[in-house]
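J.: Below, each chain spelled out in residue letters.
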Amino acid sequence: MSFLEVAGLRAGYGAAEVLHGIDLAVAEGGATAVLGANGAGKTTLLRAITGEVRRSGRIAFAGTDITSRRTDQIARLGIGHVPQGRGTLNRLSVRDNLLAGALLRRDRREVKADVEDCLRLFPGLGERIDASAAALSGGEQQMLAISRALMGRPRLLLLDEPSLGLAPRVTAEVFAALHRLRAERGLTLLLVEQNARIALNLVDAAAVVEAGRVTLTGPAAEIAGDDGVRRAYLGV
Amino acid sequence: MTTTERTPAVPAALSARARPLRWVAYVLVAVVLLAIPQFASPYTNLQLTLILVYGVAIVGLDVLVGRAGQVSLGQSAFVGLGAYAAAYAFGHGWGPVAALALAVALVGVVAVLVAIPAVRLRGFAFGIITLALPAFAVPLANRLVDLTGGSQGVAVVATTPPEWTGQADDQWRLYLVGVVAAIVFWLVHNLLDGRLGRALAAIRVNEAMAAANGVAVHRNKVLAFTVAGLCGGVAGWLYLIAVQFVSPAILQLNLAVSLLVALVVGGTRSLLGALLGAAFFVLVPNVTDNISPGRSYLIFGICLLVVLFFFPGGLAGALRRLLAWTRRRIGR
Amino acid sequence: MQQIVDGITAGSIYGALALALVLVYRSTGLVNFAQGQMAVVSVYIGWSLVEIGLPVPLVVVFTLLASLVIGALTERLLIRRFEGQEPLVAIVATVAVLICFNGLINLVWGGSVRAFPSLFPDEVVSFLGARATWGDVGTVAVLVGTVGLLQLFFLRTRLGLALRTAADNPSSARLLGLPVGSLLLVGWGLAALLGGLAGCLVAPSVPLQPNMMDTILVYALAAAVLGGLDSPLGAVVAAWLIGIVETVAGANINIIGSDLRIAVPLVLLALILLVRPQGLFGRRDVERL
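Just so you know, the protein sequences line up as chains A, B and C, in that order.
To convert, take the position in the first sequence, counting from 1, and add 48; that gives this note's numbering.
To convert, take the position in the second sequence, counting from 1, and add 7; that gives this note's numbering.
To convert, take the position in the third sequence, counting from 1, and add 1027; that gives this note's numbering.
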């Protein structure tokens, strides 16, 4: 049984259904990318997993059925979600943003150590640690959002379009950090990305979502080699 | 070849016949409405008149609050100013048209003068500032005793039914107020149908975006404020005609808040909503008073909460949903 | 000088209620018009406790506890429904709550005027050329202390951080595992506590009647907006400013009688907002389109 298992997932907003039966599985320690064009339903998929939209079907995390749980309950089970747009806490400082990620933890000293870890992962944040989070650039906010999610020591990290709106150099920085996270901590990742090239470089497996359905899944190398994918998403 | 899919509504053959039927229905409703004052008691006629009066005030408030999205707590000041202006005019022997002109002119000037600076504020700041209107109006009315009769108020004889109509006072007033109210509703509806309505809708949704799209936000907000004030002024004139008396009570914050509540209860952005809200405001307190005088206020509050809880679109929204539901059932 | 002292005292009461308004605004994004009336309910409960013979300090404690419960219950049962909707409906809902509480007070206690005992001794103290009762001094001290405690609470404690997080971005807060609903409940409870505090501070010197907080609410609203609506410190400073200006203007400008006094803070508010639309301490919201 997989670490994260999604079966027959339907989800949508109001009367509109966006996902029409998604099947997906992520192994523990693995990393999967979800690729697809705008409006395909990739963000809805992540939001369905964390219970932010109306959904039906079956979603199981580490053996627990989370299909009808509330968002905060799902988060407490160990799923971190870096939302699209980063969800920065604008009126708080950078430090407070990080600490907010660890609010449910009791181990004070470890929390401090984790803050240091995050600053090592993203040195740019260290210089701005007492600044208001709203003053950060887009790239810095992305790094902050990822760090904040990491502060909760999640077992599974969902990332929604981390490269969105970022310059290539900054995107490379962010993804380098993600590489390190996989290598050093064995973190399980589910990554939604429009930038297929950089995503496929990071992950083991990938799924292509089109119009609310999974049209292609497989190991990353296979997906990267697929002609359709190359034409549509890799610009080849 | 495809046939166009028709919703389970009226099939083509019937709808061609339905249109004249519709007009017959409208005429029937109009006849009934016109006939009511002949058979209803003076008290009922007064209630109906008041509903129309407040309906006009609320329709105006809706332009600013419902359409442009700016919370205002000052409408009562405009109603009161209109009423006092009319009282002054009638008291000095002017005719009703002149009185209306005075009311509208005064209210218009005040509205524009207040709006121009006030409209620069966003959200709640604007709302709290509009509190200043009743806050100033009440003491002013109390103090300018020569003009306003002070806290005692002023009683005037505004209009009397012409001989040839053979109507009693209350009936004549209801018709007069009804006609003027209908004109105001029609004017406002036309005003909102065009560019102003779209501009205000854009402003309500997102001011910054509206500005970025070329909407003259400041000017349109001033316009909305002025329209609201003008309607308030007309409502004041109508009030005086209906009640023949005005006192500082009409200027109070209480009424301003009540008008806002009535607007939401009836349903924003809807003419029917304005009337339903006015009806709620005029009739429900009487009902609750009859149920239990000691608990009247509490029951009224509970009624309010019930409506807000279960009918987020206001009473008008609920009515619309009911109509849609019945139409679906009939169509089957 | 006397007027300034009086002004600061009056301002402290407005400030306590203004703090409550700011707290509610920051956590739920709406202005609670029932804040004053909620406080009045708890003060009446306190009065009943006095009538059955409880000593005054204990009565105050219970009154504050009652405020907390009233605030939490109101949020959970009445207001939660309106939190997602347009602010206009939420505001009108708070007005409906105001009406209900007013009606409730009239029903349970009746509308006649009563008296509430003071926490502080009645003697007058004199300093800097002005006279003030211990009650006045106590009021200001309590407010200053409260502001200090609040700052400490919000900036240094984990619950404070949790509340700030939920207030800043509820959906992000949920993703971090925070029970946002419960946090809003706590926020409203705290705000109601501050309102109850305002009630206790003002009750000894003002006749106890169902409408006693109505004018104070207007002053508190003006103070909250003047301070910038999302700044607790701003609300308090603004409240003091309003208190001082109102007292000084009322005493020295003859044309301002008791009925126009309420217009003074509004004029002050209008003047300052003309120059600085975001209030004294408010932040210019940069909206990302």
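Fair warning: there could be bad hints in the mix.
What the hints assert, rightly or not - Pulled a few chain C residues facing chain A out of the computed Cβ check, cut under 7 Å:
id	residue
1	L1131
2	L1134
3	G1138
4	N1196
5	S1199
I should point out that these hints are in silico values taken from the structure, not numbers from a laboratory.
Please read all numbers here as calculations on a predicted model, not as lab measurements.
For glycine and all other residues, C-beta sits at the position ideal for the given N, C-alpha and C.
J.: Holds or violated: is there a CB of chain A closer than 7 Å to the CB of L1134 of chain C?
T.: 38 Å, violated
J.: Under the criterion of a CB-CB separation shorter than 7 Å, is S1199 of chain C in contact with chain A as hinted?
T.: 4 Å, holds
J.: Have a go at the G1138 of chain C hint: is there a Cβ in chain A nearer than 7 Å to its own Cβ?
T.: 43 Å, violated
J.: Quick one, is the L1131 of chain C hint okay against chain A at 7 Å, beta carbons?
T.: Since the shortest Cβ distance to chain A is 33 Å, the answer is violated.
J.: Against chain A, is N1196 of chain C within 7 Å by beta-carbon distance?
T.: Status holds, d = 5 Å.
Hints 1, 2 and 3 from the earlier list are contradicted by this structure; the remaining hints agree with it.
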